[in-house]
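Let the hints inform the model, and build the full structure from the sequences given.
Chains as they are written, first to last, in UniProt numbering: chain A, 1 to 253; chain B, 1 to 224.
Keep in mind the hints are simulated off the structure, nothing from the lab. Quantities reported herein were computed from a predicted structural model and do not represent experimental measurements. It is possible that part of the hints are untrue.
Chain B regions said to be covered by chain A (calculated; three or more residues, Cβ under 8 Å) [what the hints assert, rightly or not]:
1) 20 to 33
2) 37 to 43
3) 47 to 55
4) 63 to 77
5) 190 to 204
6) 212 to 219
Calculated Cβ distances over 10 Å to all of chain B for the following chain A residues [stated by the list, open to error]:
7) Glu24
8) Gly118
9) Pro165
10) Glu170
11) Gly182
12) Glu204
Backbone N, C-alpha and C define an ideal beta-carbon position, used for all residues, glycine too.
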Amino acid sequence: MSGVHATARITAVPDGRGGTALPELAGEGPIALRRTRSADERAARVTVVGAMTAPLGGDRLAVHVTAAPGAVLHVDAAAATVALPGRGGERARYEVRLTVGEDAELHWLPEPLIAAEGSDLLMTTTAELAPGARLVLREEQILGRAGERPGRLTTRLTVRIGGRPLLDQELSFGPGAAGWAGPAVLHTYRAAGQLLVVDPAFEEKPAEARVPVRDAEQGESVLTPLAGPAALLTAVAPDGLCLRRLLSASVAP
Amino acid sequence: MNRAALLLLADGRFPAGGHAHSGGAEAAVTAGRITGPGTLEDFCRGRVHTTGLVAAALAAAAAAGADPLALDEAADARTPSPALRQTARRLGRQMMRAARTAWPSPGLDALATARPRGAHQPVVLGVTARSAGLTPPDAAHAAAYEAVTGPATAAVRLLSLDPFAVTAVLARLAPDLDEVAARAADAAHRCLTEGTGALPAASAPLLDVYAEAHAGRPVRLFAS
Numbered sequence: 001m002s003g004v005h006a007t008a009r010i011t012a013v014p015d016g017r018g019g020t021a022l023p024e025l026a027g028e029g030p031i032a033l034r035r036t037r038s039a040d041e042r043a044a045r046v047t048v049v050g051a052m053t054a055p056l057g058g059d060r061l062a063v064h065v066t067a068a069p070g071a072v073l074h075v076d077a078a079a080a081t082v083a084l085p086g087r088g089g090e091r092a093r094y095e096v097r098l099t100v101g102e103d104a105e106l107h108w109l110p111e112p113l114i115a116a117e118g119s120d121l122l123m124t125t126t127a128e129l130a131p132g133a134r135l136v137l138r139e140e141q142i143l144g145r146a147g148e149r150p151g152r153l154t155t156r157l158t159v160r161i162g163g164r165p166l167l168d169q170e171l172s173f174g175p176g177a178a179g180w181a182g183p184a185v186l187h188t189y190r191a192a193g194q195l196l197v198v199d200p201a202f203e204e205k206p207a208e209a210r211v212p213v214r215d216a217e218q219g220e221s222v223l224t225p226l227a228g229p230a231a232l233l234t235a236v237a238p239d240g241l242c243l244r245r246l247l248s249a250s251v252a253p
Numbered sequence: 001m002n003r004a005a006l007l008l009l010a011d012g013r014f015p016a017g018g019h020a021h022s023g024g025a026e027a028a029v030t031a032g033r034i035t036g037p038g039t040l041e042d043f044c045r046g047r048v049h050t051t052g053l054v055a056a057a058l059a060a061a062a063a064a065g066a067d068p069l070a071l072d073e074a075a076d077a078r079t080p081s082p083a084l085r086q087t088a089r090r091l092g093r094q095m096m097r098a099a100r101t102a103w104p105s106p107g108l109d110a111l112a113t114a115r116p117r118g119a120h121q122p123v124v125l126g127v128t129a130r131s132a133g134l135t136p137p138d139a140a141h142a143a144a145y146e147a148v149t150g151p152a153t154a155a156v157r158l159l160s161l162d163p164f165a166v167t168a169v170l171a172r173l174a175p176d177l178d179e180v181a182a183r184a185a186d187a188a189h190r191c192l193t194e195g196t197g198a199l200p201a202a203s204a205p206l207l208d209v210y211a212e213a214h215a216g217r218p219v220r221l222f223a224s
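Here it is as structure tokens:
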């Protein structure tokens, strides 16, 4: 086995004064964590800082995040993550595990994941929510850096509430994945992303499905109410900037 | 071996209502992205390896005897578009009617009772296959086949394509269908011990965009 094995951990709990404390904030290997200033008084904010370029082929990286009941945690990142080829051509793995307790709120808003030419990454994001938990989650995938062909990228997003499946989506792009560049999946777009909002308020008032933008130059998106208290904004775009613009639309209940 | 039942189940003339649906092909034609046999083939290849794979795995798992209600919930989680969830349930209800007449069984009755407004069509397809004495790989093949024949038949009508050329497209896709069915059957087998999380969740963002755009259109030839 070659490559870096590292697991970073964040645990947020209510601090008893209306705010949120971070009893565990432990970066490891290429994943460094910084507590940063939050605009929201209730929230603790953590910024993931890539201390070195990762993941390379063969790496196994993980981030485990827990927002205990009542905690409010915002996690963002300082820069995009670039998947690069390793020496032996092995696949890299990146696992994100999010746990959100009752009445807790987690915003997981990393910067884009860029699949550089020749890279091979399997990224899995699993969110386990207690009933009544809130989650705001954004994922952005960009296929190749400017002017290069995409690497191989598979991302799976699984969200459960109280152990029951709410959302399960896998995207697979690049060499060896079949059909992704066709008109059913990405067409000529090279960036894809999702913004998921889980909020108990959607129980009473589900989001209304809509197709906000239909301009192929800028990309396309669709807002869909899920079969549960959540709304999903799905977008595809020619590049990361257009994608971010589409994913900046409001999805709040 | 129960080959004739498989032919009957996969036949486009099986009265399960599929002919009214284009599997996103009409919206892709409207968007100018299916224009002929070449782009139809690209569309179908993308569809069968994404939502087709998911449908095939759900069908195979139901045929293998996995809990159809857990599969129905797994299908919901894999279908973010409400228009597609509605379509899947409507088609499931129609297939249920035909299936209970053709191959009556307690399994079909139980599912019809638990989901009176229709379970997701691949789940019904799988329970039907089980009732007809078919295997999980059979059910996977039927679902994968349907994932491409629906759009292909619709494209012939929408674009007046040469039916021979479209049949050649389907023939070229046959190895993809076999591959998808094999992966689906394998996942279905793991689903029996690991639960529905073992089932594939391959998604196609543009199919979701098309489905909601199409549902909002006043004039259309196909329901989806």
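Going through the hints against the structure:
1. 20 to 33: Holds, because 4 residues of the segment 20 to 33 of chain B bring their Cβ atoms closer than 8 Å to Cβ atoms of chain A.
2. 37 to 43: holds (count 3)
3. 47 to 55: holds (count 4)
4. 63 to 77: Satisfied; 4 residues make the cut.
5. 190 to 204: Result for this restraint: holds, n = 7.
6. 212 to 219: holds (count 4)
7. Glu24: At about 27 Å from chain B, glutamate 24 of chain A clears the 10 Å cut-off, so the statement holds.
8. Gly118: 22 Å, holds
9. Pro165: 4 Å, violated
10. Glu170: The claim breaks: glutamate 170 of chain A does not keep its Cβ more than 10 Å from every Cβ of chain B (closest is about 4 Å).
11. Gly182: Contrary to the label, glycine 182 of chain A does not stay out of reach of chain B, its closest Cβ about 3 Å off (not over 10 Å).
12. Glu204: Given that every Cβ of chain B is farther than 10 Å from that of glutamate 204 of chain A, nearest at about 17 Å, it holds.
When held up to the earlier numbered hints, the structure conflicts with 9, 10, 11 and fits the remainder.
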